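Student: Now for the letters of each chain:
Number of protein chains: 2
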Amino acid sequence: MALKFLTQRIAQTIDEELFSSSGGFSVDQLMELAGLSVAQAITRVYDNSKYPRALICCGPGNNGGDGLVAARHLFHFGYKPNIYYPKPTKKELYERLVIQCQNLKIPITAELSDSTFNDNDLIIDAIFGFSFSGEVRQPFDQVIRRLKGTKLPIVSVDIPSAWDVEKGNIDNRGFTPSMLISLTAPKLCAKHFNGKHFLGGRFVPPELERKFELNLPSYPGTDQVVDITNAPNEKL
Amino acid sequence: MALKFLTQRIAQTIDEELFSSSGGFSVDQLMELAGLSVAQAITRVYDNSKYPRALICCGPGNNGGDGLVAARHLFHFGYKPNIYYPKPTKKELYERLVIQCQNLKIPITAELSDSTFNDNDLIIDAIFGFSFSGEVRQPFDQVIRRLKGTKLPIVSVDIPSAWDVEKGNIDNRGFTPSMLISLTAPKLCAKHFNGKHFLGGRFVPPELERKFELNLPSYPGTDQVVDITNAPNEKL
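Chains as they are written, first to last, in UniProt numbering: chain A, 1 to 236; chain B, 1 to 236.
Where hints are given, some of them may not hold.
As the list makes no split between identical chains, a pair holds if one copy fits it or if it spans any two.
Unchecked claim - List of simulated lysine to aspartate or glutamate pairs, EDC-like, C-alpha gap at most 16 Å:
(1) K151 <-> E92
(2) K105 <-> E209
(3) K50 <-> E17
(4) K105 <-> E207
(5) K151 <-> E95
Think of the hints as simulated: they come from the structure by calculation, not from any bench. Source: prediction; values computed, not measured.
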């Protein structure tokens, strides 16, 4: 059975079910597991000996929160993370995630100078996730332009930012990352992506998986991620 | 530098710092990482092909919460967990952890019959943690008696339940587990333990580690646990 690629609406419905009173998960919990899976997947492709400095670009929503968690785990995995976080979310959880990074002395900036951007070996794009739609607003439009122009490898979290969640990189608005980490299940836009592709989210109850016919692959060992680069799917 | 073994008071102080406004962690977050580390350590010693059925005995506090999280991850790692949880904690977090296990169809019972107990391949003792002191009250006194009598392997979370946190198994009140997973740092009682010993808690900021001179070992790869069975320490 082929892995299912989700529409934006189905992705939102699954998210709501996980966080509903019957799903029982808190954002704290699943963001922790999501961020951990992102950091784990990065170690599989970009070794910290060759790619020590990782710039994590964090957006204003859950995708940015996943990025803040990933930055912390990357630190513990031996990387030197830097965080660009221009629009800090005014929620207790996000404020705590920032404190946790500050306690590790991870530099956090709201301004992206040439040197801040270029003095890295790897970029993690945690700007927009599956709930993105419409236009990219300031200051993220400038960041997307930089990402389009960089030669550094880019790892996108859940979807490549500025891509349409279902249709992909329409009108060439976004960039093509070298690696994508889909969370819970890949979104339709990932059918247009041909690079290294990992799946994170080893917490989906089998009943939920069956209900939405996700046909998730098996995760190996105790890994929080699985390589789905060559997983059978109905590519376009 | 030898790994530090903590007094009860220092363990409590470190815990308070992690969860303080300057530490920034929530119980949700660190319980998730603690439970994940417990499940991961178990896979290293008790393979799910030989030890599929794991009875997780959960106490009324944080140690029990770690057990509930571990049960969920053990399920995702291919085990068949059963939960004994006689005194459910009336807090939102714990109620959600129970729902998450129920959604995986993990049996949860408040009664421990002979068959419920014996029809397992492995016992996880998540009854009491580092804040335990005094007498073991009902119904946990009966459980401790069962654990003293069983021939099944027992894995203890943080401390072997009923042991004095600093002095160990005084007056032979408790049992000797086959494996111990210390969280954050081992407690003094672990100096009296000679079985398989793992450490979980890959989230301690270096500054906190230095302040309390923990001398933590390095965690390998992206593991959430490290084997400290043969780590240098000042054994009694």
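Student: Of all the hints given earlier, name the ones this structure violates by number, lowest first.
Tutor: Hint check: 1, 3 and 5 fail, others pass.
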